[in-house]
Structure formats: structure tokens, C-alpha cells
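Trainee: Each chain, letter by letter, is given below.
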Amino acid sequence: MTRPLHSMTLSRASFTIVAKELRAEFRSFELIISTLVFVLIVVFLFSFAFDPTVGESRRFGPGLLWISILFAASLMLQPSFSRERTNDTLGALRLAPIDPFAILAGKLLANFCFLLLVELVLLPAFSVLYDVPLAPVAAQVTAVMLLGSLGIATVGTIFSAIASQARMRELLLPLLMLPALAPVLIASAEATAGLLSDPPELQLNWIVFLVAFDVIFLTAAWLFGGYLLEE
Amino acid sequence: MSIQRSRGIPGLGVSVLASALLMGAAGYAALYVAPTERSMGDIQRIFYFHMPSGIIAFIAFTITFVANILYLVNRAPKSDWLGVSSAEVGVAFTTVMLVTGPIWGKPVWGVWWVWDARLTTTFILWVLYICYLLLRGLLDDPERKATVSAVFGVFAFLDVPLVYMANRWFRTQHPAPVLLGGQNSGLAPEMKWVLLFCFIALTGLMLILLRVRYQLEALRYEVSEMKVIADSGSRASN
Amino acid sequence: MKNMGSIMAAYIATWAIFFVYYFTVASRVSRLRDDVERLKQTLGTQLRR
Numbered sequence: 001m002t003r004p005l006h007s008m009t010l011s012r013a014s015f016t017i018v019a020k021e022l023r024a025e026f027r028s029f030e031l032i033i034s035t036l037v038f039v040l041i042v043v044f045l046f047s048f049a050f051d052p053t054v055g056e057s058r059r060f061g062p063g064l065l066w067i068s069i070l071f072a073a074s075l076m077l078q079p080s081f082s083r084e085r086t087n088d089t090l091g092a093l094r095l096a097p098i099d100p101f102a103i104l105a106g107k108l109l110a111n112f113c114f115l116l117l118v119e120l121v122l123l124p125a126f127s128v129l130y131d132v133p134l135a136p137v138a139a140q141v142t143a144v145m146l147l148g149s150l151g152i153a154t155v156g157t158i159f160s161a162i163a164s165q166a167r168m169r170e171l172l173l174p175l176l177m178l179p180a181l182a183p184v185l186i187a188s189a190e191a192t193a194g195l196l197s198d199p200p201e202l203q204l205n206w207i208v209f210l211v212a213f214d215v216i217f218l219t220a221a222w223l224f225g226g227y228l229l230e231e
Numbered sequence: 001m002s003i004q005r006s007r008g009i010p011g012l013g014v015s016v017l018a019s020a021l022l023m024g025a026a027g028y029a030a031l032y033v034a035p036t037e038r039s040m041g042d043i044q045r046i047f048y049f050h051m052p053s054g055i056i057a058f059i060a061f062t063i064t065f066v067a068n069i070l071y072l073v074n075r076a077p078k079s080d081w082l083g084v085s086s087a088e089v090g091v092a093f094t095t096v097m098l099v100t101g102p103i104w105g106k107p108v109w110g111v112w113w114v115w116d117a118r119l120t121t122t123f124i125l126w127v128l129y130i131c132y133l134l135l136r137g138l139l140d141d142p143e144r145k146a147t148v149s150a151v152f153g154v155f156a157f158l159d160v161p162l163v164y165m166a167n168r169w170f171r172t173q174h175p176a177p178v179l180l181g182g183q184n185s186g187l188a189p190e191m192k193w194v195l196l197f198c199f200i201a202l203t204g205l206m207l208i209l210l211r212v213r214y215q216l217e218a219l220r221y222e223v224s225e226m227k228v229i230a231d232s233g234s235r236a237s238n
Numbered sequence: 001m002k003n004m005g006s007i008m009a010a011y012i013a014t015w016a017i018f019f020v021y022y023f024t025v026a027s028r029v030s031r032l033r034d035d036v037e038r039l040k041q042t043l044g045t046q047l048r049r
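Those protein sequence lines, which keep their order, are chains A, B and C. By the count of the numbering used here, the first sequence reaches residue 231 at its end, each step adding exactly one. By the count of the numbering used here, the second sequence reaches residue 238 at its end, each step adding exactly one. By the count of the numbering used here, the third sequence reaches residue 49 at its end, each step adding exactly one.
Incorrect hints may appear among the rest.
Claimed, not checked - Negatives, chain B to chain C, calculated, CB over 12 Å: (1) 45; (2) 69; (3) 70; (4) 106; (5) 191; (6) 197; (7) 213; (8) 219; (9) 233.
To be verified - Think about it this way: if two alpha-carbon atoms lie no more than 16 Å apart in a straight line, the pair counts; the simulated EDC-like pairs of lysine to aspartate or glutamate are: (10) B:227 x C:37; (11) C:40 x B:42; (12) C:2 x B:222; (13) B:106 x B:42; (14) B:227 x C:35; (15) C:40 x B:231; (16) C:40 x B:37; (17) B:145 x A:30; (18) B:227 x C:34; (19) B:145 x A:231; (20) C:2 x B:225; (21) B:192 x B:37.
Calculated directly from the structure, the hints in this document are not laboratory data. For every residue, glycine included, the Cβ atom is placed at its ideal position computed from N, Cα and C.
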């Protein structure tokens, strides 16, 4: 099978799609706002259920933070592909003379941005509610958030493409994502916990692990993701 | 079973009988031939089925991984049949692991479950491949089913070593009782033979389960093909 | 043997899981082979028409 000629390079096509996704969301911000509210509710529910002491908050905070992000992502990434089904806009995208992976990459990057935006608001709220000092380690925490969120966005976007083709997709996406992202949960929570401990330490092994996770799954997405977009 | 029916698996009856005998012998060996372990006592005999099940489950999932990639590359239905068959057999063996582990653990550790790296990874492995099978059930179009589940299968397989590593490192920082205790520490030679024998018996069982499950998938395909022909034929003659 | 109950439980569980699995697959295979025969006959009569 000869590869079709692409009128745009992969990166240009991807960025065009990222721009389209961002523009669509920034019209109403409905996805980000709903996700934010959801995450804050989860955070509050945890404190009602466990009524943590200050020490317990600091101990369980990082894990709770990342579980909330995971829950949020598993709901937020659902529309990524399922809303393309209403008017078969995905079919229209596929007709464009671009590498199919560009569609995937574009949505992946856009989802990554959305996740980061949610975390941008979530982190200060988390810092206040659980009395954890994030400011002194802001740069390192940012690094952990970036790496962890990239892993979540990668796996989440692929699984969103998978789930959107099946029945019960609203339940299916969290069902597929949460066990698969367990390594990201562990690594990110541990790295965050290390940064919040006294004295703060940046645990390089977890950082390296997250980088490896991201590289492995981005490569897998590049190699196999195209098959998900076929007719 | 009517002997006029075509397409039976040649030699299946003999194989099943042989496998049953082999499994019986392996069970006997594990119970009476193997020496009693020093620290845990007789309960350790569960190990002779528990550990090989784990290895065989992993082999089965590796077969699924290869079959998934083969399907994505060549789109042969046979690759898809192998993939799903091996995944189901793998889930069966993983279930055995997850059931025998706690039965072993309760008398030894006093608790049914510990979150050590091996058990946790086994659990996630089990969940991921059950998701693989569930996903297939939720996809209707046969080609989409095969393609989409193949991609998921690839991701699931790549995920497992990462799950294990993350749990290992986590457990070195936050130690939990290791349920399976140094399973390879100080295995007497007689134990190694029994272990090998049980491993061979379980491998034979896996091959039979795989073969029969594969035939089920092949038959389903044949039935759906014939139904298509039958439908179009009846439409044409009406 | 000490803990015989647990050992037996583990063995029974193991055999039960494998046996139930094999049995469900084998019975579905048997039913499908009947279906194949039925369909072959249906197609045969269709072709003769």
C-alpha cells in the first residue's frame, strides 16, 4: 500500500488540530470547568470521608491529588473522540490529506493542555486545603505534573479512541484507563510525596520512570494508533 | 458426540485424557512426593501449582501480544482467534494464581491479601486482560473488534512490566510482607523436580485449552460466514 | 498433614477453575458444530432451489 501524499507535514497538521481542539474548548470552557468542579468535589469528599489530621493530610495528600487527577482525566478525555461521532467529523478529518497520526497527536496534545489547565487551578486549591507547602518546590512539582499528565494524556487519548468505538463508552474509558495508569499514579504520587517531605527531595528514579513510561506509550501510540482511526 | 460431524480436532480425546492423568500425577507428586518445607510446612505445597500458573499465564499473554501485532500487520482472522484464545486461557491461569495465593497466604501470614509487588501486578494483569475480553464483547463489527482490541492488547502488554517495576520500587520504599516468601530461596532438588513436573502438566493443560478455545473462535467465524451466505441466498431467491 | 483444609481448598479451586473453563468452551464448541451442520443443510437446500 503506497502512503498517500501529505500536503502538510506531521507537525503542522498536528498543531492545526491542537489549535482546533483548543479553540473549540475555549469557546465555552465547559469541559475544563466541569472537570475542575468534579475534582474539587472529589477532594472535598475525601476529607469528609476520612477527616484527616494535619499529618495524615500531608501523608495522603499526594496520592489523593493524583487519584483525583486520574478520575478527572478518565471523564474529561471521553469527549475527545466520542463527540466526533455525532456528525462523523472524524470521517471528515480522515479525508484530509494528512498523516492519520496527526489527528491522534493533535488530540493528545490538546488533552494534555486541558489537563494542565485543570491542574493549574487544582494545585493551589490542594495546597490550601491540605496545608502542603508547594511554593518552595514549585519547579520540581511542575516537572512531575508535566511528566505524569503527559502519560495520562497519552494513554487516555488512545483509550478514548478505543472506547468511542464500543458500547458503554462512558463506563469503558475509566475501566480501561485506571488500571493501565496505575504506574503513573504510583510514580507521580511518590515523586510528589518526596517533594513535600521534610526536607524536600527530588526522587530521580520516579522521574526517570515517568519519562520511560511517556516514551514507551508515545512510541506505541505512534506505531499503532493509526489503526484506531481506520474506516 | 456424533462421529459423522466433520472438523473435530484430531486426537483431542486422547490428549484430554493424557492431560488429566498428567495433572493427577502432578497433584499427587505435589502432595506426597515433594518433601515438606521447613519454615511453612505443608501449606507450601500450593506453590507447586501457584508458581507455574503464573509463568504459564505470562506465556499465554505473550502469545496474545504477538498475535495482536500479527493481526495489525496482516489482518488474518487466525491471528485474532489466537489472540483472544490465548488471552482467555491466560485469564484462567491468572485466576488460579489469584485464588491460590490468598489460600496460601492466610495460614502463613494471617491475612488474605497483601499489597506486595507480585500480587498487585498479578491483580492488575488480571484486570487488564478481563478488560480486553470485555472490550471485545462491547464491539460489534468483527473487523473493528479485532483491530481495536489488538491495539488495546498491545498497550496492556507493554503496561505490565511498568506496573511491576513501579510496584517493586514502591515496595522497597514502603515494605509490605511478601506473600510468596523467597519462592526460589533454597529449593531442595526433589522440590525442583516436582515443580518441573507440575510445570509440564500445566503447560499441557494450557495447550489443550488453547487449542479448544481456538477451535471455538474458528467455528464462530465459520458460522457467521455461512449465515451471511444463507441470508444473501434467501434474499436472492425471494 | 497440617493445614490440609487449605491445601485441599487450593487444589479443588484450581481444578474447578480449569474444569469449568474447559467444560464451557467444549460445550460451546459442540453447539456450534451442530449449528455448522444445520447451516450446511440449509445452504444445501438453498442451492438446490
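Trainee: Run every hint past the structure and note whether it holds.
Mentor: Here is what the structure says about each hint:
1. 45: 6 Å, violated
2. 69: Its Cβ never comes within 12 Å of chain C, the nearest being 25 Å, so this holds.
3. 70: 22 Å, holds
4. 106: The claim breaks: residue 106 of chain B does not keep its Cβ more than 12 Å from every Cβ of chain C (closest is about 7 Å).
5. 191: Check passes; 16 Å lies beyond 12 Å.
6. 197: Holds, since 15 Å exceeds 12 Å.
7. 213: Since the minimum Cβ distance to chain C is about 5 Å, residue 213 of chain B lies within 12 Å and the statement is violated.
8. 219: 4 Å, violated
9. 233: 4 Å, violated
10. B:227 x C:37: 12 Å, holds
11. C:40 x B:42: 56 Å, violated
12. C:2 x B:222: 52 Å, violated
13. B:106 x B:42: Between residue 106 of chain B and residue 42 of chain B the Cα gap is close to 13 Å, so the pair holds against 16 Å.
14. B:227 x C:35: 10 Å, holds
15. C:40 x B:231: Holds - the C-alpha atoms of residue 231 of chain B and residue 40 of chain C are around 13 Å apart, at most 16 Å.
16. C:40 x B:37: It is violated: about 59 Å lies between the C-alpha atoms, which goes past 16 Å.
17. B:145 x A:30: Status violated; Cα separation ~32 Å.
18. B:227 x C:34: 14 Å, holds
19. B:145 x A:231: 13 Å, holds
20. C:2 x B:225: Not satisfied, since the Cα-Cα distance of roughly 56 Å exceeds 16 Å.
21. B:192 x B:37: Holds. Residue 192 of chain B to residue 37 of chain B sits at ~12 Å (cutoff 16 Å).
When held up to the earlier numbered hints, the structure conflicts with 1, 4, 7, 8, 9, 11, 12, 16, 17 and 20 and fits the remainder.
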